[in-house]
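Just so you know, the protein sequences line up as chains A and C, in that order. Take 0 as the starting number for the first sequence in numbering that gives the first Met the number 0 and just add one per residue. Take 0 as the starting number for the second sequence in numbering that gives the first Met the number 0 and just add one per residue.
Incorrect hints may appear among the rest.
Reference listing, derived: stretches of chain C covered by chain A, where coverage requires no fewer than 3 residues with Cβ under 8 Å from a Cβ of chain A [as the list claims (entries may be wrong)]:
hint	region
1	8-20
2	42-48
3	90-102
For the record, the hints were derived by calculation from the structure and aren't laboratory data. Where is the CB? At the ideal position from N, CA and C, for every residue including glycine.
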Amino acid sequence: MTTPVGSPAVEFALEDTVGSIHRLEHYRGHWLLMVFHRHLG
Amino acid sequence: MSQLRQREGEVAGLGLRIVVVTFEARERAEEYVREVGLGWPLLIDRRRVLYRAYGMARGRRSAIWGLATWWAYARLLVRGHRPRRPTGDVNQLGGDVLVDPVGRLALHHVGTGPADRPAVGALLERIRRGDRD
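Could you put the whole structure together from the sequences, leaning on the hints where they help?
And the structure:
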């Protein structure tokens, strides 16, 4: 399943490893690449 | 991701922000950042809400342990990396989502196997041209 290109990106609020919350809106005005990792090995 | 890291200068020059998303536990995520010296934020999605929202599936055994996987492991070994025994869900597949500056999807790639990722050069070229695909 893929989401159609041109659709609005999914909103999110996720914490990183240093405790900062990242939201989609923080990246407005920039290209954003989200790399979904498999297991971390 | 190693290809992206090799081109960090180019990535920065394009104003591209990168975040890596994992479903694994915080302790393992923190350890991973230290191990590989990850310079991008590693976001923790324990409940896999964002994975599901983007259709990042769990792979079939045949897709996970196919020839491409063994080839990827072989390349790591040649480069001197010794893969460790995975602690997380080995069936969870990954993928890549590129969002343009106004918040719309420019690329949505769902991996069909562990080694299935979009070519980094083509991805950077797309940003340079401001394309969606």
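Outcome of the hint check:
1. 8-20: With 8 residues close enough to chain A, the hint holds.
2. 42-48: holds (count 4)
3. 90-102: Check passed, 12 qualifying residues.
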